[in-house]
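Peer 1: What follows is each chain in one-letter form.
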Amino acid sequence: MAQLIAKLFPSTVLRPMEIGADASILLAVLAVVYILTRYRKWGWLWREWITTVDHKKIGIMYLIAAIVMLFRGGVDALMLRTQLALPNGHFLGPEHYNEIFTTHGTIMVFFMAMPFIFALFNIAIPLMIGARDVAFPKLNAISFWLFAFAALLFNMSFVVGGSPNAGWTAYPPLTELHFNPGVGENYYLIALQITGIGSIATGINFLVTILRMRAKGMSLMKMPLFAWSALVTSSLVIFAFPALTIALALTMLDRLFGSTFFTIAHGGMPMMYVNLFWIWGHPEVYILALPAFGIFSEVVATFSRKRLFGYAAMVGSLVAITLLSYGVWVHHFFTMGAGAAVNAFFGISTMLIAIPTGVKIFNWIFTMWGGRIKTTVAMLWQLAFIPTFVVGGATGVMLAVVPGDYQFHNSYFLIAHFHNVLIGGVVFGLFSGLYYWWPKMFGYMLNERQGKWAFWFFVIGFWVTFFPQYLLGLKGMTRRIYTYPHGMGWTLLNLISTVGAYAMGIGFIILVYSVVYSWRHQERDLTGDPWDGRTLEWSLPSPAPEYNFAVLPEVTERDAWWEMKQAGKTGRIPAKDVHSIHMPRNTPMPFLLGLSFFVAGLGAVFSWWYVAVAGMMGVFIILVSGWFDYHDHHEIPAEEIRRNEAALGRLEG
Amino acid sequence: MTQVQRPPAISAPTGRGDEVEIAILAPRFEEHAFPWRQIFGYAASLILTMAALLLVVHHVLPPVGLIVAILALATIQASLQLGLFMHLRESLGSTWHVVTLALAIVVALGIVIFSIWIMSFKSGVS
Amino acid sequence: MAYHRYRWSRLLLPLTVVTTGLLASGCGKQFVVLDPQGPVARSELHLIETTAMAMGVVVLFVLVLFAVTVLKFRDRPGNRAPYIPNWSGSRRLEFVLFAIPVLIVVYIAVPTVQQTYALDRLPPTKHPLIIDVTSLDYKWLFQYPKQGVATVNYIDVPVGVPVLFELTANSPMNTFWIPQLGGMEYSMPGRVLPLYLQADKAGVYWGRSANFSGRGFVHMVFHVKAMPPAEFSRWAQGLRTTAPHMSMQDYRQLLAVGTAREESFSAYPAGTFPTATHGFTLKGGMYLEPN
Amino acid sequence: MTTRTNSLQEARLPLEFQESHETLSILGFWLFLASDVVLFSSLFAVYAVYQGRVAAGPTPLQLFSLGPVLTETILLLTSSFTCGLAIFMMRRGRTRPLVAWLVVTLLLGLGFVGMEVHEFVTDVAVWGTWHQSAFLSAFFTLVGTHGLHVSFGILWVAALVVQLLRYGLTPTTARKVYTFSLYWHFLDIIWVFIFTAVYLSGKIT
Ligand code: HEA
Ligand code: HEA
Ligand code: CUA
Ligand SMILES: [Cu+2]
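Chains as they are written, first to last, in the working numbering: chain X, 644 to 1296; chain C, 1375 to 1500; chain L, 631 to 921; chain B, 7 to 211.
In short, the hints are calculated from the structure, not lab data.
Think of the CB as a built atom: it goes at the ideal place given N, C-alpha and C, for glycine as much as any other residue.
Warning: the hint list may mix true and false statements.
[Claimed, not checked] DEER-style ranges, computed between Cβ atoms:
| id | chain 1 | residue 1 | chain 2 | residue 2 | range |
| --- | --- | --- | --- | --- | --- |
| 1 | C | Gly1457 | X | Ala955 | 30 to 40 Å |
| 2 | C | Ile1490 | B | Ala164 | 37 to 47 Å |
| 3 | C | Ile1450 | X | Pro653 | 54 to 64 Å |
| 4 | C | Ile1450 | B | Arg98 | 35 to 45 Å |
| 5 | L | His875 | X | Pro730 | 29 to 39 Å |
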């Protein structure tokens, strides 16, 4: 018993900060339970959300989770910056610091950016291409719950058992049992494995959806660019994640089952892990970046009130980036001594990516050229993105210059590079999409004035945080050090950087406040088309009804909705065109499957094998019983649809 | 008796993914009265397997040649399986599965070949 | 299996020592990457400058174009700039905007390849000084096979002589990096990697690991003292006569998890560094079995 | 969502292609297989790099005996053949022979897994666990991952047999059998490469 308690609550989770966090989590959970019980919302929660297979609701759940995780990752970041503000800092000890940068990176990439992207895919893609749902609605819900339970598992690590502490890259042999006893790394390995399975399923789901479920007449070259970016991103997901699956699995086998993939004395090769990790890892950064590129392509055309410039080139460059990104991964370990031929090859392949990316940047600028730029908040994020991303990309190219990388590798120059692209490219893009599609999701607008405050705090804060880090890199400051001495010339720059981080934090708080405020006070979106949009989702009411389209649209042009509006073909639906619609039926199966994976994962983390086996049994039983479920659809009668559309004022007569 | 069924030619893109409807890969669903394809595929795979085995057991070629030869035999066998058993040409409304499969094979080869190259640590200094 | 637990407050001492050392030796050259003191670092900096310049041009060009566009086409009342909502492409413009990045990439790719190959070779003329480097938890062990001496957390090198560092680890991976002398390379267990550097000027430079290796990673710092060859020989000679022998016992102690100060030894047990001839005879380069 | 593909249906398509949402599942399954190709290629890459890293454990030459492996191969090839016959029967609308061939496929698959487990158990008894060497770790993981896939396939086909008996041949059950056949042939292809790149090449010195 005492042993068990020691395993669950080792000294690393009994620090004041962790106990405080535990207490507040416990309080928050109790509060939620109380509210749900008090207002009798349990049934509602179960029926409307937990068992839902509606892509729009799943998207919203992804979104909420992603914002919560942005908060957690952001608090981690602020702790890192606080510790580094001054030399010889005492805010965090070395172990604590190592855990925090590990969870910061992991959470931001896997549990913030990925679900945020999937949120926007879910919310926008079916509506944009004129579909009633994704290809496999139940699988979509499964993906979500695998992600959600994996996130829960990962976040449990800092209150029960101890956090992973070997960086988001988790290189062995540091992650081998010998150097890293305890359960922290197990959490990392297993949580990422679970969410990775969900991601592959999402990739397949959106590929099939986009390839096969577009509105009549919407050929590939008439598709909105966000749909194109989702298409190529999904293909990246399904071909990149398997390598991560293997990298994680091998480490897990080493740690839990005594294999020796990365144990030197038995012939293991840690660099093989590094190789596999980046076979996934580099495509992953484009999995994050390309959807953002897609969002910008929509936003820039809408708010410049102009057609996208160079559509074909935009598509071509997406495809080119996708293909190239499979062949550059060694640039993350040029310093491994693989030889000049390998390094030169991968250095050049890396630089080549600058070319299609440049095409995109220029096309966005020329989309604005000759337009009328409306500086809404969604557009502001786009405007901030271009200069920020170009700087980040340019420093990326400097890293691709092999001999240069020998000096920059793992320094703050690298940290600055990737925050420049991850925040300036990805987060700005996600915020842009958030503001852009918010009315479509919830039926009300976000407050623009508050949004602008959040924007300026975040963007200025960003530059104040990360520009000094380039200089720190040139001054030889390396990443993942929990403290540094006086006299290195690093102090002032670090202090500035920390101040910037807090400014970003303020921006984030304003943003969250604004969301809550707007819910109570902002105007409703009654038209369904608040931005005078160009693509099909704006032809629907906000929020869209369960079946999305009462009558599936037919498309003849790019920017289908814009063209319909130009041609005056936006009339109401004739009642006789409305037929009954088959829709997928809600099911608890995805939630239960996620729960079983969670139980299995928890068992594996602590090597409680009976728990793990019970969890896996649950997985199997649920899967097999799913095979026998032949009643997963229901029909919405035409009459009900007519009534609903009439209430929305969209029915003829 | 062989019946080859082709769906009617698709005139305009439907938005359902028939862009890559290349002539040779146009879907066709074959039906024979007797499972000739399957029997042929089975016989071929047995023969190819035995051939590879015999090549190795009798060391017919120098090592590198042997490896190349048996990998070639395996590739032939895989293509036969794909074509004869997996009905690679069957699909509806699209041939996207062929496109993704091709991409998967490129990525897979890339991973294997590049990994071997990278992990051989061929530095000029030493 | 036993993971040596030790109080981290004790580490404050070495940290202060390092700090004051850094200050006292006056080698706190601020922008170390921009202040090369040897041919390798210099050629790397040269390439960094070339690419930085090219990137500067790119960034500037985009910024100007961007700023002009945004200012000119803002949606404000009375804006008389042309509004062309259906303009959606221009072959010629798109070609130019494709061609310029291609040229820039070629411009930086060519020297990159040349330098990558150049840095992968030793200068054939001079005999290099060989230093065998082992990264340990959490300290650097340096062995001079020709001189037969060993040091911990500092090295002395002669000015103007190429130094061939042979890198390995008896711990998780680190990188060996002396920014003012040149870029880094991994030191990894189970393998010996070569890295060639050279100092042109006498002085004290700092080196550190850039690859995270666990709790004491921040202490993976060392000093490099570059001195005239004659002085270097005197120093090596001096160590051979005055410094203590490194026994197997001492080596084991270095293997244990913990930090160390700067130390010197006049000799070290054979086989504590794996070489091409005798392989991994001891545990050198192959950390101990778990369990 | 279950709109029939009107014009195409007239051309008497195979059952599993008659409903458009079933064809979505077929495409989705192909994409899964494509993803699995990459998964296995990562394991092949690991194996290729680790082949010679035998530490104190056995070398491939010592470890492998081609006799049993050849039997396993023939079992799997035959099962792939019988699975093809099952689809052949399905295309002719003949449920009972379809079920019969699926059962034969299942039994052959069981035989394969049984032999593989036996091989692993004897390997461990003679040479020790995969803790011995990186080579052994890579070998057991690559071959074991394939074996797990086959075991899952066995479970799947068993469930399919039950469904066929219960629901008969419908567009849905036909699609399920069809995707199963894709899976099974795919595993056969992977095995051909394991046989070649692991067992045979292990005998080349
Ligand atoms: C969204 C994420 C994202 C994106 C888009 C990128 C984009 C790029 N990255 Fe970045 N990168 C990361 C995220 C990202 N990166 C992360 C997270 C890491 C570190 C991980 C870790 O170690 O923890 C990293 C690390 C990293 C390294 C490894 C460094 C090291 O560890 O030593 C390298 C090296 O080559 C690199 C290069 C590049 C390049 C060349 C691009 C290019 O794609 C950029 C292309 C864009 C432009 C160039 C700008 C626009 C172009 C023009 C205006 C046209 C004209 C320009 C030219 C002709 C140059 N990145
Ligand atoms: C999408 C990915 C992403 C994002 C958005 C960020 C966002 C930020 N990151 Fe992150 N970072 C990574 C991905 C990301 N990072 C990765 C992958 C690593 C590598 C990890 C590793 O080495 O393994 C890394 C590492 C990393 C380091 C290096 C640590 C080290 O090596 O020692 C630093 C240091 O400055 C840093 C800072 C920041 C800051 C200041 C932000 C800011 O943008 C954060 C903005 C702030 C908020 C959004 C906070 C909101 C919350 C509040 C305001 C609440 C305040 C309340 C209380 C304190 C109770 N990051
Ligand atoms: Cu500064 Cu040594
Ligand atoms: Cu990369």
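Peer 1: Look at each hint and say if it fits the structure.
Peer 2: Quick rundown of the hints versus the structure:
Range check, C/Gly1457 to X/Ala955: about 34 Å between beta-carbon atoms, so the 30 to 40 Å window is met. In this structure, C/Ile1490 and B/Ala164 meet the distance hint of 37 to 47 Å, their C-beta atoms being roughly 39 Å apart. Between C/Ile1450 and X/Pro653 the beta carbons are some 57 Å apart, a value that agrees with the proposed interval 54 to 64 Å. At about 29 Å, the beta-carbon gap between C/Ile1450 and B/Arg98 misses the expected band of 35 to 45 Å.
Between L/His875 and X/Pro730 the beta carbons are some 38 Å apart, a value that agrees with the proposed interval 29 to 39 Å.
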